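Asker: For reference, the chains in residue letters:
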Amino acid sequence: MENIYKPDAMEVLEVTQETADVKRVRIWFRDPEKAAEFKFNIGQFGLYSVFGVGESTFNICCSNSKKYIEFCFRKTGRVTERMWDVEPGDTIGFRGPYGNSYPMKEWEGKNLVFVAGGIAMPPIRCAIQYALENREKYGKITIVYGARTVGDLVCKSELDEWAKYPNVDVLKTVDPGGETPDWDGRVGFVPTVLGEAGVSGDNSVALVVGPPIMIKFSLPVLEKSGFSDDAIFTSLENRMKCGLGKCGRCNCGSVYVCKEGPVFTLADMKELPDDF
Amino acid sequence: MNPETKTTGGFEPKIVAFVCNWCTYLGADLAGTNRLEYPANVRIVRLPCTGRVDFNLLVKAFEVGADAVLVSGCHPGDCHYAAGNFHARRRWGLFRELLDTLGVDSRRVHFSWISAAEGAKFQKLVTEIVEKTRELGPYEDYKAIVAEK
Amino acid sequence: MSQVVTLEQLKKLAADKLSAGARVVAPVVDGGLVSFKEISDAAQATFAPQVRVQNSIKEFFFPKHEVIFTFVRKGNDVEVIDAPDFEDDQIIIGARPCDAAALPILDPLFGWDYQDRFFQQRRAKTTVVTFACKETDAHCFCAAVDGGPDNQAGSDAMLFDLGDGSFEVRTFTDKGAALFAGIATESDKTGSACAPPTCDFDVEKVAVWITENFGSPEWEKLSLRCVGCGACAYVCPTCHCFDIVDEGSYSKGQRVKNWDACQAGMFTLHASGHNPRSTQGKRQRQRLTHKFSIYPGKFGPYLCTGCGNCSRSCGASFGVRPALETLNADVVQNQED
Amino acid sequence: MENQLRNAIRKLLEEKTVDVAIGYGRVGVGGAVGAVFVTDPSEVDRLVWNAECRQNLAVHLSRPEVKALGKPAIVVKGCDARAVVVLANEGQIDRENVVVVGVVCEGIQGADASGVATGTLLDKCVTCVEHAAQNVDILIGDAAKAAELDAANAPNAKTAGKQAKLAALLQKTPEERFQYWRDEFSRCVRCHACRQSCPLCYCNRCVADKNRPTRIDTSATLKGNFAWNILRAFHLAGRCVGCGACSAACPAGIDLDLLNLTLANAADEQFGYVAGKELGAAPLIGTYAENDKEEFIR
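Residue numbers (the numbering used here), protein chains in the order written: chain A, 823 to 1098; chain B, -2 to 146; chain C, 1036 to 1372; chain D, 847 to 1144.
Worth flagging that the hints you see were computed from the coordinates, not collected in a lab.
It should be emphasised that the depicted structure is a prediction, and the values quoted were computed from it without experimental measurement.
Virtual Cβ for every residue (Gly too), placed ideally from N, Cα, C.
Hints are not guaranteed to be accurate.
As the list claims (entries may be wrong) - Just some of the chain A residues that point at chain C, by a computed CB distance under 7 Å:
| # | residue |
| --- | --- |
| 1 | MET823 |
| 2 | ALA831 |
| 3 | PHE873 |
| 4 | GLY876 |
| 5 | PRO910 |
| 6 | GLY911 |
| 7 | LYS1046 |
| 8 | ARG1061 |
| 9 | CYS1069 |
| 10 | GLY1070 |
| 11 | ARG1071 |
Please take these sequences and the hints and turn them into a complete structure.
Answerer: Structural data, given as structure tokens:
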């Protein structure tokens, strides 16, 4: 019988330092058979491990058209501290994909509004990549991304690439005081910039991921622009150990973030008890 | 596996010595520069001061396979940090009693004061501890609890 | 006609199974302490109905510590070596009905969509023989949560103490029947269990309150005396939360699954420092909500067999029964008044 | 005495000297005694005092949920009172900001596995010479009676009860002792109930919960269990007041306080130090004397 807790050995293909404490790692299966079988949906997550140190949960932050998967992490704990030192050629563990995903299919034909703050860009990046790879299937794409300072923005170079696509608006911003002399983006908080973006809820969906305070102030802006609760999506995180709906950590009331999440609509969220 | 194991074929005790940077470590160093030979069974862990030697390290040493441990630092009054060894002394006095109640073999836990000038004392003590531990044999009791799943 | 075995036959059964290489688990009495333990000699066991046991039989299906896999680093690569399958036969003789009842409750959790082979293999290889209870104590409340002193759930066979050194055997499954085939003899004696424990609260009503009052200040009030020790979860036959940790070194080691408890402050602590369950009230709420709302909502049964282990082992005179009683008295009754 | 206690607490609450009184009440299964938190003077009748008041309530003084209720009054027995003293000496509570209500305790009864009182005194009570709680703000009960009981126990204080159990253990060979603890610790499930119930294990994050690096294995293996129980006991060296809350909380029935007793005896014999005896005393570990014994050091 299969061991659901046993990760696959993955080769580290590429490591990109995004900020002073955030790295993006590209990995792929060492076992070609596993590689051939592997599929995931946009928005799902995995458990990544440094053997001998432990496991951590991160979203798969690239689109699913590639022969690799990517994840981003911030150096904050036992596992990520050790993960910081991995180099191309090293082996790390991966199991997944787990959880639900963004309804990319349902979103076809709609305008997409992506709102992200700080380290929360990666869980949105996979959807942006996917939408841009399938550019003809989606309407106007608006990306509002902000961080405390210029140095805290992740995927910085990609922002400019994305802006080159037709009918894509990229509004990058940093909090007041976080700008540098050569900063070519905006200065202001994400909700403010979102308000200035002039998005409309008409035939649109929004995906908002970021710190609670950013989400809190972005929601009224979206609501004012005509987004219904069903059209606003987010991706939650909670401490997880198994990712399989067993270990008992990640639930908000009766909802297991690892199984029924991590993707929730605002309508779902309003039903959730305050346990996250 | 250390080379002695191959040459003697018999049991070679592993001794972990937690020593302070300022006295015993220099004492051991002096033993070396004076060509005073002592058994290679001792693994030295250098710490700033015996006051820094957390008792948990002794437990850890047994967990990883030590057959005996030695904690050694400056003579009373000689501490580089004025009183680290005084604090250590008080703790050890109590810790030994706990180990005794637990039935941890007290013949495998050693304490000493060895100054930077006492290379010969270091040589003599380490040799004695190694010989004594060799007689006691491997610390099977502790190895057994580590091995048990 | 009933089937009967003598105590001597039971001891011999245990001895025979041991010599056949099976693992045998039975109650072991040491002074005032009764534990379910794997025995190496039938003489170690006390084959008699027990009420107050310090552990539950959970650990023989879901051990307190289990290696999931080992690994060895080889250059840049890592070889991951799967844990061995559980292949031994295991016989538990003398569980309480409330211990055994936890097994079918836990089945869906470990076999929800992802199949936890560690639990399932043990479950498949184990035969559970229970003793029908001869007494209850003030902590027992099995009858309130769909159980009882002769509840069959999870038992392959049940023994009824006849008081004369023999037991009536009732078998409920093929495994149970196979175990006693050729041993039990026909008799006209029949045994019976004691009367079910009494409870003056309606679990269903309390469960409704629990489901509907997530935000109630009552939770903090209820939980003030809880020191968050988590002993309740460790002795509980149904609590199944676990931790996954790596042990060993960077070059060689193992990943293990260890029991954990939702009452520990660290349980849900994020790396960022944020903790969704930051107070004991929230943690007790999680425990009771999980048992009486979340789990039944997902899988049907309450995550509780009414065994009373939690309140027996609680240093603060707390536990599920007192919690349900308090909620019943303080809020459910008030609602009705 | 129970009425005296209630009246004293009522007065404290009515006069707003304290915001909450931490005392004993019948809260558990079948009226088992546990902690109650009385904030309203009209509810003081929930408080009880009897021979089943086993728990050491001082553990609640450092809990954030209880601190949030405001300035506390706390009901303590003689043994518990010493825990309050240690908390004050270690800067964990502002002694001026806690009203300590001591009781004269004539001994606490043991309980069987169902929590029913056995009628025999707990081991710790047999050697108790602090029937009247010391260093308290208010003492409830007959101090003369307490002195009588103290005098009766004094001759056996070092030999009876738990001391006798420890002595019996120390009679065995080291190998037998090791085997004894091996058997005991094999039942340990690492719930850390011993730590949580201990009034003096107040660290925000215990070393057992630290994982950068992992100091001791979190697994409930013999290796991890030995490391944990050694660590727990020794972190209480010169601090443990012998209330027995750890042993009482242990779901696996391990006699943890034997380890603490060993250390308490050693503190007394080697340094003449009794934890929690004196308000303002310096901690045993954390101070030293130049002539501390060192015959074991070579």
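Asker: Each of the hints needs a verdict: does it hold here or not?
Answerer: Comparing the hints with the structure gives:
no.	hint	in the structure
1	MET823	4 Å, holds
2	ALA831	5 Å, holds
3	PHE873	5 Å, holds
4	GLY876	5 Å, holds
5	PRO910	9 Å, violated
6	GLY911	5 Å, holds
7	LYS1046	27 Å, violated
8	ARG1061	5 Å, holds
9	CYS1069	5 Å, holds
10	GLY1070	3 Å, holds
11	ARG1071	6 Å, holds
Of the numbered hints given earlier, the model fails hints 5, 7; all others are met.
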